[in-house]
Structures are given as structure tokens and as C-alpha cells.
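Undergrad: Below, each chain spelled out in residue letters.
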Amino acid sequence: MKNEDIQQLIDKYLEGETSPQEERQLAHELQRPDIPEEWQTIRMMLGELTMGEAAYDAIMAQRRQKPSAILVAIRIISSIAAVYLVGLFFWLQTQPVEKAEITYTNKVEQTQPAPQPQYCTEGTPREILMCYMERRKAQPHIYQQLKQKTYENQ
Amino acid sequence: MTQSEFEHIAQQLRSQMLKVALDFFESQDDAEDVTQDAMVQLWCYCERIDSGRNVSGLAVRVAKNCCVSHYRKRQAARQQSFADIGLRALRQKDTSESPQELLEADDTRRMMDEVIALLKPRERQLFEMRQTEGLSTEQISEQTGIPKASVAAMVSAARKKVFTELTRRMKQ
Chain A
1 MKNEDIQQLI
11 DKYLEGETSP
21 QEERQLAHEL
31 QRPDIPEEWQ
41 TIRMMLGELT
51 MGEAAYDAIM
61 AQRRQKPSAI
71 LVAIRIISSI
81 AAVYLVGLFF
91 WLQTQPVEKA
101 EITYTNKVEQ
111 TQPAPQPQYC
121 TEGTPREILM
131 CYMERRKAQP
141 HIYQQLKQKT
151 YENQ
Chain B
1 MTQSEFEHIA
11 QQLRSQMLKV
21 ALDFFESQDD
31 AEDVTQDAMV
41 QLWCYCERID
51 SGRNVSGLAV
61 RVAKNCCVSH
71 YRKRQAARQQ
81 SFADIGLRAL
91 RQKDTSESPQ
101 ELLEADDTRR
111 MMDEVIALLK
121 PRERQLFEMR
131 QTEGLSTEQI
141 SEQTGIPKAS
151 VAAMVSAARK
161 KVFTELTRRM
171 KQ
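These protein sequence lines are chains A and B, in that order. Position one of the first sequence corresponds to residue 1 (my numbering), numbered consecutively onward. Position one of the second sequence corresponds to residue 1 (my numbering), numbered consecutively onward.
Hint data in this document are derived by calculation from the structure and do not stem from the laboratory. Computed from a predicted structure; not experimentally measured. Please note that the accuracy of each hint is not assured.
What the hints assert, rightly or not - Looking from chain B toward chain A, a few residues come up when the C-beta cut is under 10 angstroms (computed):
(1) Phe-6
(2) Ala-10
(3) Met-39
(4) Trp-43
(5) Arg-48
(6) Ile-49
(7) Ser-51
(8) Cys-67
(9) Phe-127
(10) Glu-133
(11) Gln-139
Note that beta-carbon positions come from the ideal geometry of N, C-alpha and C, so glycine has one too.
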């Protein structure tokens, strides 16, 4: 607030026309250390309670404007994380798809088990039965189809 | 206001003041300390106020004033801690105002009391309702039954008298 505005507010105060809110505003302006002597008298007249209330309001307003250090840190970290994720997304988009497929195919080939014999023909009758049961468990859909065909033929 | 009247409403006023202090400090211990001081100060103000008046607004003002006072003392102590050599010096240091500042505050208060005493009783009452209780012209008009325009005129007359007398005394 300019000095002329403060003087106007002081004149209004002396005329008894100021509201309590305007008086707090005046008190806030008069808390500066370098005020004229005449204004120091007004500061005395406003009283310590009005001066204190003005200071209280000013501190609270300052706190509302200024976020805490923790909040600032959280905001910075989340901004960095967001930028990193967006960058990662676009980087993955630019990668060739074939490479990924080849890698996948190789892996699949490596992990596949060795081909098993088509029929269980070797061993004792018990071993042949166990082999059949294992193959049936491993490939249930084939045996279901076989069962269905057998049923249809009958 | 008598002591028994004050004691009757003290609990309600205390909770109001505690809320103000909690909003400011966000710490129960600090808020309790400030409220304790504020209650003592409020009683000093209430002694000079007529019976039957609503002092809840005054309680809030006193609480805010105490909060700022404690906050400034703490800030001053923190600044001293940077300047001082060690923590021991900080603990031993008195964080309250200097004797010179206390003396000046006492002089100012005494001078104000003397100047206000020169006012007519009605002017003094209205001046204090504005200055101490922080009431608006409308609230004063409602409480006293005096028209708003008259309240403003009497407050203006009182303020001009106080201003002239204070300026005269400060020049001496």
C-alpha cells in the first residue's frame, strides 16, 4: 500500500468510519519499522490487540500461500516420475516389434521339452499303461477328441 | 466484570482460545501454553469491562495476540541460536523482550491510560469498545442503543482528542 493510501485510511480512522477489517489492514501497514512519527501515534491508538490480530492474519495468510517443504518435495518427485514414465512409454513405442518376437520365439524353443514318442509301445504292460496315463494328463484335449470320435463311430 | 462472572464463562472462552492457538501452532502443547497465558491476559481486560458484556470476540483477539507474541519470541530465540556459540547459551538465554522494550511498552500503556482517562465517560466507553473489543459501529449501536451515526461521531471525537493529546505528549 502506498503512503497516500495509508494516510487516507488514517483520516478515515480518525473520522470513525473504518471497519474493524480496515483497522486491521491499517495496523498491518503500520508494522513497518520506518514509519513517520505521526503514524506511530496511530499505531499506539490502534492498540496492541489490533496490531496482534493483524500480525496473526498476515502470518496465517503467508502460510496458506507458502506450501510446506514436504509438499514441495512430493510435487517435485511426482513430476519427475511422470516425465520419466512418459519418456519410457514413447521409447518403448519406438522399439522394433520383430526383435521382441524373435527373442520370444527363441525363448520358447529353449524352454520346450524334447519331443516324446507318438505311442507308448515299449516296456512292461504296467509301464505302457503308466506312459499312456501320463500322456493323457499332459495332453487332455487330444484324448478328449479321440474319445469323442470313438463315441461317434460307435 | 466480576471474577465469578468470568469463572462462569471461563471454560467456554478457554476452548475458543485453544482453537485459535491450535490453528496457529498445530501442536497441543504449544497451544495449551498460549491459552494459559491468554486466559490471564483476558482476565486483566475483563476486569475493566462492564458486567453482562459478550467477551468472546475479545477472547479471540487476546488469543491471537498471545499466539503472535509467542511466535515472535520463538523466532527471536531461533535467530539468536544462529548467532550464539552453543545450545547451552540458547537455553540460558532469556527469550522475552529486553528490559528496555518492556519499559517502553509500560510507558506507552500508561500514557494511553492517562489520555483515555481524559475523555468523557461515554466517549471512553465507545473508544474502548472499538479499540479493545474490536467491535464494529453496527455492533456498538446494537449493544448500546445509540444510533450508528452518533456512534461514529463520538468515536471520531474521542479518537481526535486522543490523537492530539498523544502527539502533544510525545513531542515533549
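Undergrad: Decide, hint by hint, whether the structure agrees.
TA: Hint check results:
Interface hint at Phe-6 (chain B): violated, since its Cβ lies 18 angstroms from the closest Cβ of chain A, which is beyond the 10 angstroms cut-off. For Ala-10 (chain B), the shortest C-beta to C-beta distance to chain A is roughly 19 angstroms, which exceeds 10 angstroms, and the interface hint is violated. For Met-39 (chain B), the shortest C-beta to C-beta distance to chain A is roughly 15 angstroms, which exceeds 10 angstroms, and the interface hint is violated. Here the hint on Trp-43 (chain B) is broken, as its CB sits about 15 angstroms from the closest CB of chain A, past 10 angstroms.
Interface restraint check: Arg-48 (chain B) against chain A, minimum CB-CB distance 13 angstroms, threshold 10 angstroms, status violated. Proximity of Ile-49 (chain B) to chain A is violated relative to the hint, the smallest CB-CB distance being about 13 angstroms (cut-off 10 angstroms). Nearest Cβ of chain A to the Cβ of Ser-51 (chain B): about 21 angstroms, over the 10 angstroms cut. The hint is violated. Annotation: interface hint on Cys-67 (chain B) holds; nearest CB of chain A at approximately 6 angstroms, less than 10 angstroms.
Residue-level restraint check for Phe-127 (chain B) holds (minimum Cβ-Cβ distance to chain A is 9 angstroms; threshold 10 angstroms). Because the smallest distance between the Cβ of Glu-133 (chain B) and any Cβ of chain A comes to about 9 angstroms, under 10 angstroms, the interface hint for this residue holds. Using the Cβ-Cβ criterion of 10 angstroms, the hint placing Gln-139 (chain B) at the interface with chain A is satisfied: the shortest such distance is roughly 9 angstroms.
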